[in-house]
Amino acid sequence: MYKIIVLAKQVPDTRNVGKDAMKADGTVNRAALPAIFNPEDLNALELALEIKDRYPETRITLLTMGPVRAAEILREGMYRGADAGVLLTDKAFAGSDTLATSYALSCAIRKIGDFDLILAGRQAIDGDTAQVGPQVAEKLGIPQITYAEEIISLVEKTIRVKRRLERGFELVESPLPVLITAHSTAPECRPRNAKRLMKYKRATTLSERHSASDDYLASHLEKSYLAITEWCAKDVNSDLVQLGLGGSPTKVRQVENIVFQAKESKVLTAGDADIEWLMQELIAQHTIG
Amino acid sequence: MGNFYLDTAELKFHLTHPLMQKIVGLKERNYTEHEQFEYAPVDFEDAMDSYDQVLEIVGDICANTIAPHAESVDAEGPHLVDGHVQYAAGTQKNLDAIVKAGLMGITLPRKFQGLNFPIVPYIMAADMVSRADAGFVNIWGLQDCAETIHEFADEEQQQRYLPRIAAGETAAMDLTEPDAGSDLQAVQLKASLVEGKWYLNGVKRFITNGDGNISLVLARSEEGTADGRGLSMFIYDRNSNAVTVRRIEHKLGIIGSPTCELVFRNAPAELVGQRKFGLIKYVMALMNGARLGIAAQSVGVADAAWREAVAYAKERVQFGSSISKFPAVYEMISRMKAKVDAIRSLLYETARFVDVYKAYEHISKERALTPEERTELKSYQKLADIFTPLSKGLSSEICNQVAYDALQIHGGSGFMKDYPIERIYRDARITSIYEGTTQLQVVAAVRGVTTGGYLAQMRAYEEREVKPELLGYRNYIAEMTDEYAEAVGKVMEVNQNEYTDFHARRLVEMAGNIIMSHLLVLDTNREHLYWKSLDIFLKIARGENRGRKEFIDITNPADLGKYKIE
Numbered sequence: 001m002y003k004i005i006v007l008a009k010q011v012p013d014t015r016n017v018g019k020d021a022m023k024a025d026g027t028v029n030r031a032a033l034p035a036i037f038n039p040e041d042l043n044a045l046e047l048a049l050e051i052k053d054r055y056p057e058t059r060i061t062l063l064t065m066g067p068v069r070a071a072e073i074l075r076e077g078m079y080r081g082a083d084a085g086v087l088l089t090d091k092a093f094a095g096s097d098t099l100a101t102s103y104a105l106s107c108a109i110r111k112i113g114d115f116d117l118i119l120a121g122r123q124a125i126d127g128d129t130a131q132v133g134p135q136v137a138e139k140l141g142i143p144q145i146t147y148a149e150e151i152i153s154l155v156e157k158t159i160r161v162k163r164r165l166e167r168g169f170e171l172v173e174s175p176l177p178v179l180i181t182a183h184s185t186a187p188e189c190r191p192r193n194a195k196r197l198m199k200y201k202r203a204t205t206l207s208e209r210h211s212a213s214d215d216y217l218a219s220h221l222e223k224s225y226l227a228i229t230e231w232c233a234k235d236v237n238s239d240l241v242q243l244g245l246g247g248s249p250t251k252v253r254q255v256e257n258i259v260f261q262a263k264e265s266k267v268l269t270a271g272d273a274d275i276e277w278l279m280q281e282l283i284a285q286h287t288i289g
Numbered sequence: 001m002g003n004f005y006l007d008t009a010e011l012k013f014h015l016t017h018p019l020m021q022k023i024v025g026l027k028e029r030n031y032t033e034h035e036q037f038e039y040a041p042v043d044f045e046d047a048m049d050s051y052d053q054v055l056e057i058v059g060d061i062c063a064n065t066i067a068p069h070a071e072s073v074d075a076e077g078p079h080l081v082d083g084h085v086q087y088a089a090g091t092q093k094n095l096d097a098i099v100k101a102g103l104m105g106i107t108l109p110r111k112f113q114g115l116n117f118p119i120v121p122y123i124m125a126a127d128m129v130s131r132a133d134a135g136f137v138n139i140w141g142l143q144d145c146a147e148t149i150h151e152f153a154d155e156e157q158q159q160r161y162l163p164r165i166a167a168g169e170t171a172a173m174d175l176t177e178p179d180a181g182s183d184l185q186a187v188q189l190k191a192s193l194v195e196g197k198w199y200l201n202g203v204k205r206f207i208t209n210g211d212g213n214i215s216l217v218l219a220r221s222e223e224g225t226a227d228g229r230g231l232s233m234f235i236y237d238r239n240s241n242a243v244t245v246r247r248i249e250h251k252l253g254i255i256g257s258p259t260c261e262l263v264f265r266n267a268p269a270e271l272v273g274q275r276k277f278g279l280i281k282y283v284m285a286l287m288n289g290a291r292l293g294i295a296a297q298s299v300g301v302a303d304a305a306w307r308e309a310v311a312y313a314k315e316r317v318q319f320g321s322s323i324s325k326f327p328a329v330y331e332m333i334s335r336m337k338a339k340v341d342a343i344r345s346l347l348y349e350t351a352r353f354v355d356v357y358k359a360y361e362h363i364s365k366e367r368a369l370t371p372e373e374r375t376e377l378k379s380y381q382k383l384a385d386i387f388t389p390l391s392k393g394l395s396s397e398i399c400n401q402v403a404y405d406a407l408q409i410h411g412g413s414g415f416m417k418d419y420p421i422e423r424i425y426r427d428a429r430i431t432s433i434y435e436g437t438t439q440l441q442v443v444a445a446v447r448g449v450t451t452g453g454y455l456a457q458m459r460a461y462e463e464r465e466v467k468p469e470l471l472g473y474r475n476y477i478a479e480m481t482d483e484y485a486e487a488v489g490k491v492m493e494v495n496q497n498e499y500t501d502f503h504a505r506r507l508v509e510m511a512g513n514i515i516m517s518h519l520l521v522l523d524t525n526r527e528h529l530y531w532k533s534l535d536i537f538l539k540i541a542r543g544e545n546r547g548r549k550e551f552i553d554i555t556n557p558a559d560l561g562k563y564k565i566e
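Going down the list, the protein sequences come from chains A and B.
Each residue of the first sequence is one higher than the last, beginning at 1 in my numbering.
Each residue of the second sequence is one higher than the last, beginning at 1 in my numbering.
One thing to keep in mind: the hints can contain errors.
Pairs of lysine-lysine, DSS-like flavour, derived with a Cα cap of 30 Å [what the hints assert, rightly or not]:
id : chain 1 : residue 1 : chain 2 : residue 2
1  : A       : Lys223    : B       : Lys22
2  : A       : Lys201    : B       : Lys12
3  : B       : Lys562    : B       : Lys549
4  : A       : Lys223    : A       : Lys111
5  : B       : Lys382    : B       : Lys276
6  : B       : Lys382    : B       : Lys314
7  : A       : Lys52     : B       : Lys378
8  : A       : Lys52     : A       : Lys162
9  : B       : Lys276    : B       : Lys365
10 : B       : Lys100    : A       : Lys162
11 : A       : Lys201    : B       : Lys100
12 : B       : Lys100    : A       : Lys157
13 : A       : Lys263    : A       : Lys91
14 : B       : Lys314    : A       : Lys266
15 : B       : Lys12     : B       : Lys490
16 : B       : Lys314    : A       : Lys263
17 : A       : Lys199    : B       : Lys12
18 : A       : Lys162    : A       : Lys3
19 : A       : Lys201    : B       : Lys111
20 : B       : Lys93     : A       : Lys199
21 : B       : Lys22     : A       : Lys201
22 : A       : Lys3      : B       : Lys100
23 : A       : Lys139    : A       : Lys52
24 : B       : Lys549    : B       : Lys539
25 : B       : Lys93     : A       : Lys201
26 : A       : Lys52     : B       : Lys12
27 : A       : Lys139    : A       : Lys234
28 : B       : Lys539    : B       : Lys490
29 : B       : Lys22     : A       : Lys199
30 : B       : Lys564    : A       : Lys223
31 : B       : Lys467    : B       : Lys564
32 : B       : Lys111    : A       : Lys223
33 : A       : Lys199    : B       : Lys100
34 : B       : Lys365    : A       : Lys199
35 : B       : Lys93     : A       : Lys3
36 : B       : Lys382    : A       : Lys52
37 : A       : Lys162    : B       : Lys382
38 : A       : Lys199    : B       : Lys111
39 : B       : Lys12     : B       : Lys467
Simulated from the structure, these hints should not be mistaken for lab results.
Input sequences plus hints: build the corresponding full structure.
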């Protein structure tokens, strides 16, 4: 059996961007975009679940940092097969860049304590930095394997992973514990399971329970699996200076709204002359070569 | 990221029908199982919330897994490998997703690891899966066989087989043979009892998902008999490895669904229930469930066809305008929509009737029913019996009409393989053929005409209170009802079975049109958005019924001779 922590993020669904996706000031209009489970984090969860399929005693804890509503993706992860969820939420985290985020996550992971594997998506679709996973590994002082597509084998304390690279793949081996980031070519996550949904649909964090009716509270007192762990900055013994906007060296100077305006188009035949012309054009524009 | 549940408000509308309170209460035995099962509801609201959320998962899988595979599955089809079926790659992926989502054994009790859902949400799932891929719904929907095992097999057999189906094993119902299609009394597959064990020998043909894990097989257990009373029902487990698939049929549509010819060679089998009851009791029950499933398939496929028509008509520009702006086109599309709404309302009305009576039947095995409960069981069973063939017969025919019109809207493009409508049109064709042709549905449904069952239900609908603005529609329907009663009287007074059979389809269709009109009035009463479909459908129905009535008026028994084939 293995203890696995899966890092996940709730993100605005930038894949279905409408015309009101950005505000006039150039920031993301979160209200206009549905909040979803970051796609590559789902690939990471699936890799964890496949390990659990092989070693059923394996325990998967889903960890996310975000506002109170980010508990939604913890429930979703539990419907898909995760055993427990941890929500890291605090005003002190607001405005964190990747450095401050990875610091906060590493504090929470230390608090969770014992683990063999940390799995995370390669990157989140709202920032596309691909930095958080590697930074968490550095902060915890453990090895990391990025761009994972498949877990080839996991025997005792050794894992073998296939990494998807631009022009091929790489097979690597690492001792545990290790942090692995999953690539979008890893298996798609299994769907939410009907029975798990019905079992965990009332799983809530402390903040959510504060605003719920007595009935919900009563069912929580009886069933411990319905309690989602919720931690604030203090709970994970983090240094406030390294958190949030203050702890983030990344400063956004300006965001520009870019509208593609090229309207010109050329119709080319499949003849040699046209292809030759196009090749020269592309080389001249440094599109290729 | 589409979702077939969230984009079809009609589903949630039918899910929240007032009768659900009763259905769920019966199905959940007053909400007592939550102490035993973590996923059981604590009350009605909790149960409804679970149905809603689980259907949302189904809608997600339909839109994002099953529908995207439909085209490749249609092109690839299943393969015959060493006497067994290998599904098309997309079919296998669909099945994996469905199984991982825990969507097999939806209606089975929790003690067999089922979800214990009523039939209404199960049929909603079937409706959506059919819209996504009409071929795949057959493989998934054969979990109906579990319902038959649950109803008629002994407790020990239920314990062994039902959890397997709930865990994702597929099923099949092996009924038809080369010389026993519509006429199942002619089944020849031989069942022999050797030292206390049953063995099957012979051939079955046109068996959907014939290589499923668990098969219900109709076989002749009584040597020397030639009719339905010599037939018994058996369970064959594929793990015995004594049945080979000799051939997978090449079909017009639902290509992803393997239709098999099976050879049984001393295949060990277990008797279900009592000997000799195979056809007369168990197959009838099995077929009723399957017919409701085909009604759902018809609705889902019709819905898919209508959507393709709307999408194409909006984007296709001719004569400088979107063709959807032309009366010839929008008239067709709106009639299609009205018909889809009408058959969907009939489908869920039927599902509710089945739900109530099935729930009482299961309860009656646990305790004696009160006299009131027994009366209710009987009345809902009667309704289910006449509504099931009506729903299957009419919705499959309308599904074909809608698919035909949807392809027509596409013009030449619809005839090419370039658009999904070409596949949907082919898939639609089977709905009015299998699980009993429309002609056989009429044979079953005409009892509702001759016994007055439909008429009584029409009158009952008239009694339901509706908003004043709907009373005009009501009066309209009341006139149609009088006209129907008159037509029925005209046919019945001749008092010849052949003459009744001659007009049977007309009468059944008239009854169906009136019942669907009533249902749309009740729907509009609850949700104003149905008024367009109500208005459009009612005018179609009125026109059609007048034509049928006129035909009956000007026909007499002497005319039959002109129709007979020499």
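Structure-based check of all given hints:
{"no.": "1", "hint": "A:Lys223 to B:Lys22", "verdict": "holds, 29 Å"}
{"no.": "2", "hint": "A:Lys201 to B:Lys12", "verdict": "holds, 19 Å"}
{"no.": "3", "hint": "B:Lys562 to B:Lys549", "verdict": "holds, 20 Å"}
{"no.": "4", "hint": "A:Lys223 to A:Lys111", "verdict": "holds, 23 Å"}
{"no.": "5", "hint": "B:Lys382 to B:Lys276", "verdict": "holds, 24 Å"}
{"no.": "6", "hint": "B:Lys382 to B:Lys314", "verdict": "violated, 44 Å"}
{"no.": "7", "hint": "A:Lys52 to B:Lys378", "verdict": "violated, 49 Å"}
{"no.": "8", "hint": "A:Lys52 to A:Lys162", "verdict": "holds, 18 Å"}
{"no.": "9", "hint": "B:Lys276 to B:Lys365", "verdict": "holds, 22 Å"}
{"no.": "10", "hint": "B:Lys100 to A:Lys162", "verdict": "holds, 25 Å"}
{"no.": "11", "hint": "A:Lys201 to B:Lys100", "verdict": "holds, 18 Å"}
{"no.": "12", "hint": "B:Lys100 to A:Lys157", "verdict": "holds, 29 Å"}
{"no.": "13", "hint": "A:Lys263 to A:Lys91", "verdict": "violated, 46 Å"}
{"no.": "14", "hint": "B:Lys314 to A:Lys266", "verdict": "holds, 28 Å"}
{"no.": "15", "hint": "B:Lys12 to B:Lys490", "verdict": "violated, 42 Å"}
{"no.": "16", "hint": "B:Lys314 to A:Lys263", "verdict": "holds, 25 Å"}
{"no.": "17", "hint": "A:Lys199 to B:Lys12", "verdict": "holds, 22 Å"}
{"no.": "18", "hint": "A:Lys162 to A:Lys3", "verdict": "holds, 21 Å"}
{"no.": "19", "hint": "A:Lys201 to B:Lys111", "verdict": "holds, 21 Å"}
{"no.": "20", "hint": "B:Lys93 to A:Lys199", "verdict": "holds, 26 Å"}
{"no.": "21", "hint": "B:Lys22 to A:Lys201", "verdict": "holds, 24 Å"}
{"no.": "22", "hint": "A:Lys3 to B:Lys100", "verdict": "holds, 22 Å"}
{"no.": "23", "hint": "A:Lys139 to A:Lys52", "verdict": "holds, 26 Å"}
{"no.": "24", "hint": "B:Lys549 to B:Lys539", "verdict": "holds, 15 Å"}
{"no.": "25", "hint": "B:Lys93 to A:Lys201", "verdict": "holds, 26 Å"}
{"no.": "26", "hint": "A:Lys52 to B:Lys12", "verdict": "violated, 35 Å"}
{"no.": "27", "hint": "A:Lys139 to A:Lys234", "verdict": "holds, 18 Å"}
{"no.": "28", "hint": "B:Lys539 to B:Lys490", "verdict": "holds, 24 Å"}
{"no.": "29", "hint": "B:Lys22 to A:Lys199", "verdict": "holds, 24 Å"}
{"no.": "30", "hint": "B:Lys564 to A:Lys223", "verdict": "violated, 72 Å"}
{"no.": "31", "hint": "B:Lys467 to B:Lys564", "verdict": "violated, 50 Å"}
{"no.": "32", "hint": "B:Lys111 to A:Lys223", "verdict": "holds, 21 Å"}
{"no.": "33", "hint": "A:Lys199 to B:Lys100", "verdict": "holds, 16 Å"}
{"no.": "34", "hint": "B:Lys365 to A:Lys199", "verdict": "holds, 28 Å"}
{"no.": "35", "hint": "B:Lys93 to A:Lys3", "verdict": "holds, 29 Å"}
{"no.": "36", "hint": "B:Lys382 to A:Lys52", "verdict": "violated, 50 Å"}
{"no.": "37", "hint": "A:Lys162 to B:Lys382", "verdict": "violated, 62 Å"}
{"no.": "38", "hint": "A:Lys199 to B:Lys111", "verdict": "holds, 16 Å"}
{"no.": "39", "hint": "B:Lys12 to B:Lys467", "verdict": "holds, 22 Å"}
This entry does not satisfy hints 6, 7, 13, 15, 26, 30, 31, 36, 37, going by the numbered hints stated previously.
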